[in-house]
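**Q** These protein sequence lines map, in sequence, to chains A and B. First residue of the first sequence: 1, per our numbering; consecutive thereafter. First residue of the second sequence: 1001, per our numbering; consecutive thereafter.
Think of the hints as simulated: they come from the structure by calculation, not from any bench. From the three backbone atoms N, C-alpha and C, an ideal C-beta is built for every residue, glycine too. Be aware that one or more of the hints could be misleading.
[Claimed, not checked] Here are a few chain A residues that sit away from chain B, every Cβ distance over 12 angstroms (derived from the structure): (1) I22; (2) E42; (3) D46; (4) H51; (5) T146; (6) H149; (7) A159; (8) D161; (9) L168; (10) R172; (11) V192; (12) Y196; (13) P199.
[What the hints assert, rightly or not] Partial chain A-side listing against chain B, Cβ under 8 angstroms, derived: (14) D35; (15) N37; (16) R89; (17) M92; (18) V93; (19) I155; (20) G156; (21) A231; (22) A232; (23) P236; (24) S242.
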Amino acid sequence: MNADLTNQLQADMPPLTKLLIIETTGPMASVALIDENRHIVERLNDTRYSHLEELAPMIGALMSEHGVEAESIDAVAVSRGPGSFTGIRIGMVTAKALALVWQKPIVEVPSLESFAYHEAFRPGALVVPVLDARRSQIYAGAYRKTEVHEVTEVIGEGAHDPEAFLDLLASRQQEGEVAQFCGDGAGVYAQVLERYAKPFVFVEGAGEVQQAQAAAQLALNLWRSGKAVDAAAASPEYLRVSEAERKRNERCRK
Amino acid sequence: MKHERHITLGIETSCDETAVAILADGRDILSNVISSQIDIHRAYGGVVPEIASRHHLQNMNPVFETALAEAGIDLHDVDEIGVAAGPGLAGALLMGTAFAKAVALAAGKPLVAVHHIQAHIMAGLIERPDIEPPFVSLVVSGGHTHLIAVEGYNRFRILGQTRDDAAGEAFDKVARVLGLEYPGGPAIDKAARKGDPAAVHFKRVYLEKGSLDFSFSGIKTAAVNHVHAERQRGRAVNVSDVAASFQAAAVDVLVDKALMALSQAGSDVLVLAGGVASNSLLRENLKAACTAAGVDLCIPSPVLCTDNAAMVACAAYHKQRLGLYSDLYLDVWPRLSIETDLDLLDARAKAG
Ligand SMILES: [Zn+2]
Chain A
1 MNADLTNQLQ ADMPPLTKLL IIETTGPMAS VALIDENRHI VERLNDTRYS HLEELAPMIG
61 ALMSEHGVEA ESIDAVAVSR GPGSFTGIRI GMVTAKALAL VWQKPIVEVP SLESFAYHEA
121 FRPGALVVPV LDARRSQIYA GAYRKTEVHE VTEVIGEGAH DPEAFLDLLA SRQQEGEVAQ
181 FCGDGAGVYA QVLERYAKPF VFVEGAGEVQ QAQAAAQLAL NLWRSGKAVD AAAASPEYLR
241 VSEAERKRNE RCRK
Chain B
1001 MKHERHITLG IETSCDETAV AILADGRDIL SNVISSQIDI HRAYGGVVPE IASRHHLQNM
1061 NPVFETALAE AGIDLHDVDE IGVAAGPGLA GALLMGTAFA KAVALAAGKP LVAVHHIQAH
1121 IMAGLIERPD IEPPFVSLVV SGGHTHLIAV EGYNRFRILG QTRDDAAGEA FDKVARVLGL
1181 EYPGGPAIDK AARKGDPAAV HFKRVYLEKG SLDFSFSGIK TAAVNHVHAE RQRGRAVNVS
1241 DVAASFQAAA VDVLVDKALM ALSQAGSDVL VLAGGVASNS LLRENLKAAC TAAGVDLCIP
1301 SPVLCTDNAA MVACAAYHKQ RLGLYSDLYL DVWPRLSIET DLDLLDARAK AG
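Looking at chain A on its own, in the form it has when it is part of the complex (with noise of 0.2 angstroms):
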């Protein structure tokens, strides 16, 4: 192929999607890039809950390490829960900022689905991702990985007490299946975990929390089907109104 037929192919093509992606949901904050192709891009900040501080940095350092500019990126993505209020916020406010300004609009992606798109799990694993919802609750779900970027969901998020949620999960775990726990609420509930009666294991390391590097897959998956929203539209999932609110509504209820 000459030169000049290169250069017209390129001139052809469309830019390549790329999306940028936030992960602020759970204890370690990551953003990501990633592009048509399937090429991800990752920074992942290792100190806990330090998301406000590193989160602004952190897109600018891994925009600028790779050369990408605001009017490349095609929508900005951003894990919307459940998981840390706290965090879910600061991620979701600096996606609508950052998306407002560059006039693009925003993926919403589910947090615990995402869990099951990390390169840490292989397809057929069954991933329980268990987050901590306090009040002796978890936020979980249960996600079938049928090929390296497609996912079913088994048991769709909620909060869920956790022993009714394993009833849930045995009554729906195939033959020659190994629940594979992560989330940081898999250590927090480990006692009632451990107790669950079919194959299970702790994911520990990678895959272990949210990450977007996970996100991003699925983010990907649902900019192609045309799930995007508007900058101002996009907003949170908590699975769970406030504290005031549940104690408010139950006195109403009397």
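Keeping the supplied structure of chain A fixed, place chain B with the ligand upon it in accordance with the hints.
**A** Using the frame of chain A, we list chain B with the ligand on its own:
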């Protein structure tokens, strides 16, 4: 064409107001957008931090866009972004600060971290740009009762402060006992207009001779006890009289101490600041006392007294003139003395 005016954008989310304002040359308000959550929190009898944070998150974009649109300003024309990084509710401060940092990053604008209470004082300078430090400020709000010597645009010295309740807290508590609605300050103000301030005598608490500190818990407790005692005796409480009497006691002390502070500091300029500065009796009595004493009194209009972002933009404007910029690592400081230099604190935190 480069605009000739210096444009500052301010962001404020310390408590339950989501606010963005745009100021030209530190004094001309081009827009001052405030989204109040007061109706939401009224149902809980006070500000619920988690609910406030949730609303800030959803309010930020529309408030920001409205502020730019109303000012007719393009983000490109903004010279710096100022944000209140403390003191206040941690989760609430986080929203404005994270948003400001992201805007600064995305638009390539410098960031200026602003002290919320210092911003309240700076609100006076929006309408009165002729006033320059040094001057004295009386800061009265739900969380603060301070007499401050403003020695420079970034030099604040405490002359006196409350040793127990903030004035606004005392107003809220007395309003609650009187069955008035939240927030208590405006409710007492309104009820007091129909009442007799001499109906009940509440002791004015001045503390030691020459002290510029305040104590409002005594006046508050006396008012609460009076209401309870009357009810126990089966007597109907005259809400207006108690409100008027309590308010008169609190305002007397505030006015007297403000004048003492002026003479101690050797200043003849007083800037009133904070949410309680909207109280009509405080305004009237302070005006009368200052006129009599030959003091130049600056009372910002009510919209600049309660939480707003124009005051933040004004403070940011004066800080950038001193070269006091922040960076994208900016953290929030929920508890922050008014004397604390936010920039030094932030730099120290980063150093280690
Ligand atoms: Zn305030």
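**Q** For every hint, state whether the structure bears it out.
**A** Checked hints:
| no. | hint | result |
| --- | --- | --- |
| 1 | I22 | violated (10 angstroms) |
| 2 | E42 | holds (18 angstroms) |
| 3 | D46 | holds (16 angstroms) |
| 4 | H51 | violated (8 angstroms) |
| 5 | T146 | holds (34 angstroms) |
| 6 | H149 | holds (29 angstroms) |
| 7 | A159 | holds (16 angstroms) |
| 8 | D161 | holds (22 angstroms) |
| 9 | L168 | holds (28 angstroms) |
| 10 | R172 | holds (33 angstroms) |
| 11 | V192 | holds (26 angstroms) |
| 12 | Y196 | holds (32 angstroms) |
| 13 | P199 | holds (39 angstroms) |
| 14 | D35 | violated (20 angstroms) |
| 15 | N37 | violated (26 angstroms) |
| 16 | R89 | holds (5 angstroms) |
| 17 | M92 | holds (6 angstroms) |
| 18 | V93 | holds (5 angstroms) |
| 19 | I155 | violated (26 angstroms) |
| 20 | G156 | violated (23 angstroms) |
| 21 | A231 | holds (6 angstroms) |
| 22 | A232 | holds (4 angstroms) |
| 23 | P236 | holds (7 angstroms) |
| 24 | S242 | holds (4 angstroms) |
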